[in-house]
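Undergrad: This is what each chain is made of:
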Amino acid sequence: MLARFFSLAALVLTLGTLASCTDVVQVELPEPESQLAVEGNITDQPGPYEIRLTRTGAYFDDKTPLAVRGAELTISDSQGATEILRETAPGVYQTSSLRGRIGNQYTLTIKADGQEYRAATEIKRVPEIDRFEQQHKVNEPGWRDGYYVLYNGPELPGVGDYYRFKLYQNDTLRNNPDELIVRDDALVDGKYIGDVELSDRPFRIGDRARVEILSLPKDYFFFLNEMFTQINNVGMFSSPPANVRTNIVNVNPNGPKAVGYFAGTAVRSATVTITP
Amino acid sequence: MKPSIHWGLTAGLLLTAAPSWSQTLPEASQRATLSGYLRDGATGEALVGASVFVKALGLGTNTDENGYYQLQLPKGTHTITYLIIGYEPQEVKINLGADATRSVKLSATRVQTQEVVVQGQRAEDNVRKPEMSVNKLDMKTVKLMPALLGEVDVVRSIQLLPGVTTVGEGASGFNVRGGGVDQNLILMDEMPVYNVSHLFGLFSAFNPDAVQDMKLYKGGIPAQYGGRLSSLLDVRLRDGHTAERASVNGGIGLISSRLAVEAPLIKDRTSVVLAGRRSYGDLFLKLVPDQKDNQAYFYDLSVKVNHKFSSRDQLQLTGYRGRDVFNFSNVFKNNWGNTGGTARWTHQFSPRLFGNFTGVAAQYDYALGVPNGTQAFEWTSSVRNYTGKADLNFQLNANNTISGGVSGTRYRFNPATVKPLSAESIFVELKVDDQQAGEYAAYIDNEQTLSPRLQVQYGLRLSVFDFLGTGKTIYDYQGETGQRKDPLNPRTPKDGEVVKRYANLEPRASMRFTLDENSSLKASYNRTAQYIHLISNTTAASPLDVWSPSTNNIRPERADQVALGYFRNFLDNGYEASVEVFGKTMDNQIDYVNGANTLLNKNLEGELLYGQGRAYGAEFFVKKNQGPLTGWVSYTLSRSERQIDGINRGEWYANKYDKTHNLSVVSMYQVGKRLTVSGNFSYSTGVATTFPNARFSYEGLVVPVVSGDARNNYRVPAYHRLDLGATLKNRTVEGRRWQSEWVFSVYNVYSRRNAYGIYFRQNEDDPRKTEAVRLSVFGSMLPSVSYNFNF
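Heads up: the protein sequence lines correspond to chains A and B, in order. Residue 276, in this note's numbering, is where the first sequence stops; the numbers in between run on with no holes. Residue 791, in this note's numbering, is where the second sequence stops; the numbers in between run on with no holes.
Hints in this document: simulated from the structure, not taken from any laboratory. Yeah, the Cβ is synthetic: ideal placement off N, Cα and C, and Gly gets one too. Just to be clear, a hint being listed does not mean it is correct.
As the list claims (entries may be wrong) - Computed footprint of chain A on chain B; a stretch qualifies when at least three of its residues, placed anywhere within it, have a C-beta under 8 Å from a C-beta of chain A:
1. 34 to 40
2. 164 to 171
3. 351 to 359
4. 535 to 548
5. 777 to 788
Generate the whole structure from the sequences, applying the supplied hints.
TA: See the structure below:
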């Protein structure tokens, strides 16, 4: 809603002045310290689950990030199960038998480069998707003509649920920076989420459109929300660039800090094939 | 005789407010007070800052903002001289046996030249008055300056004064001596203006045809005013004619059209000024097929009525409403603006005592929403205040003028109310609870002449703030320093119950020490307290930002400022110059945790961080007042920093609006009787900004990393810009009142792409690539033409 407001503000400013512009400029940045970056999820769907370890790189360096190999990773859950992960590709570590469940808590332990990190998360409840259907919009103000998808499903009663919506087009995640959709339920608590377009980018006839709703722990919601802000932080109403949070904590408080997130989510999905 | 008396006499017409030449005054019983009003003989408008003096005695004073003067004289016969630039001086012989009243009307000099209007005050005030850190701008001057897209703009002109910066062109508001945009008390005829912008900050909320003049106090703020830390911007609207007949001003520009009517309702008693302005961008939108359902415009409307009951009683009523409206078809609607009004009664109790009694109501509110469909909702927010105050001014004797007063304000805040608009709406009602508060103040202030060379003004303001319950739950907040805090200790104070009381004693003092006829030293100190705060975590304040009172968690902001200055006039007051240095400390400054959510947040106070600020600098100012070429050069060297636990590792960092160098050159040149050309040049250090230097990938998206949690560790490139303007008056036809002029302006003449900011993002086509982009609000030259008329 707010993002929409500010993009409208930008539009108005552009219309108003016809003179504002953006262009790419060269900026010299100092060499950063390299940090451990963690990316990984555990879900309520069957595994294996993957954790990726890399090193942060210089901001303008677009090479594949350096993989962190030979690390020791363990995930344990609140029911006493523990599993050591196996490195299946450089920097990619997999579980084999562990199964995520709604309501459980999980702790990831990483021993890498002589440091030990821990990350805690949980898997929260998720509502079911009722219907996922297409809608053909023609001459609708504010929309390009085309095929859109509508989400229909209940929201669970009780404030404190957080969600991410992922939209796939032919099994490819729509993953532009502004397509990271995270929401809390403060404004919609317990209501039926009916006929909501999740994207203003139309689909084509024949496309397979899939939606996933992911439940998020509160702190992970903040992580994704902060990330959304930082990767879309352009314009008059941008906020000061700041590091997004992480739940990867060095056991030694004076040791090097890591970035990234290990998150538990529950996932529901629905698919529709666009027809004329 | 002391030398000062000597030069006071020989300076003749340039004599100033000078109870200082008072050693020869006889005992009180031998004296009487002469008082009265000075008015424009044709229009009845009060003449502010005029000199009233007795040449033979070297005694004099200035008229105040109502055109009122009072002068203590020995009983006997005197010749009183009334003098103000732009008017024929008048001498009146009077036999003063007891306190007496004498109001005088002056007629404007026949050819009222443009070059004398740079200031409403007299040049020598620069040197003679104890006040410092004050800049006054006359609207006539502002109108001659080149204007962005032809919109004459009060706020933009203020940004050309020493000590004033902004986070970027097009950003709402201004920053004074290292203070935030919410630290300026902006009064329009005593009514606080919460948001000074139209169109997100591109234009200001003040209609140029309604404004008479404005005065910016950056320091030495009189004890009469309080409630904001950094400055007072006193905007006075036009009073209007009480004589003659109605007159009409208007203008047609690229962005908006204006119309103002001034009329005497009752001759010599009542006047009214009605001024309106509306932009018409949306009328052009109608011509574009896919934009025809959209609306985007702003308007403002002001009305001011003056009524003189008698020579001792006067009533002034002001009303204002400004609005920005954006409707995107039926998909999205949004509007915001200020509304308010003032009623002020001025009463003269005796020739030496008069009072102002003022009632004010002011509101800022916005609404946005989606009118139809399953996502239909309306979101509203507002801040409102009602204020009553009484101010008295008493001339105790020739050496002391005492003012004092009390005020009380009641605030009501509605941070956010969201309502679903249809049964099938996916939204529930969400209300961030209302808040209310009371702010009370009492002050006393004396302007005292200690010797011919030394004049002081000193005062004390006591301010008290009550954060009041509304019958809703409030919390304390606890957590790690620098992190988001969690609510605890819920409790529900009754409606109107005092939850938390704050009180501050705010001393104010300034002094002027005369060095010689043309120069003086001045010094000032002031403490200020601020109890309401704009909660805004964006670079530029947005129209959706909310104001918050000080609460049980948010403490009042406080500032202490000292300033020293050297003031000198040259060439028979043809030039005024000043150098001021200032230092300021601020505490309880508000900042935000990373990723703070400042809107629709019931636990907003958990997102706030508190710390301290400091600012210091030197301001150089030279103004040319006379001749065909007028204008000023202003240069400021300054630093503005803050230290907040939780930001920048707890170390000091530069404020966004910190600009080491800030230069403005403003010039106007009268080429002939009809043509005036003008040019403005600005140069300033680029604003402070944060650059990331590392990145990692998370689920296919590139996330920037700022090593060491730095804040404002870089500068955008320096800002500079040249604007040119020309005003061409059309020939007037003998016997016709119709006058008109064309105003041409070119903004950003050499099309510099000044960086508003530099941002970091993924490349749109190759998401692995990252790039730095520069945003320029105005990337090219912007010419404009307007047509103004009056009759």
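Undergrad: Any of the earlier hints contradicted here, and which numbers?
TA: 1, 3
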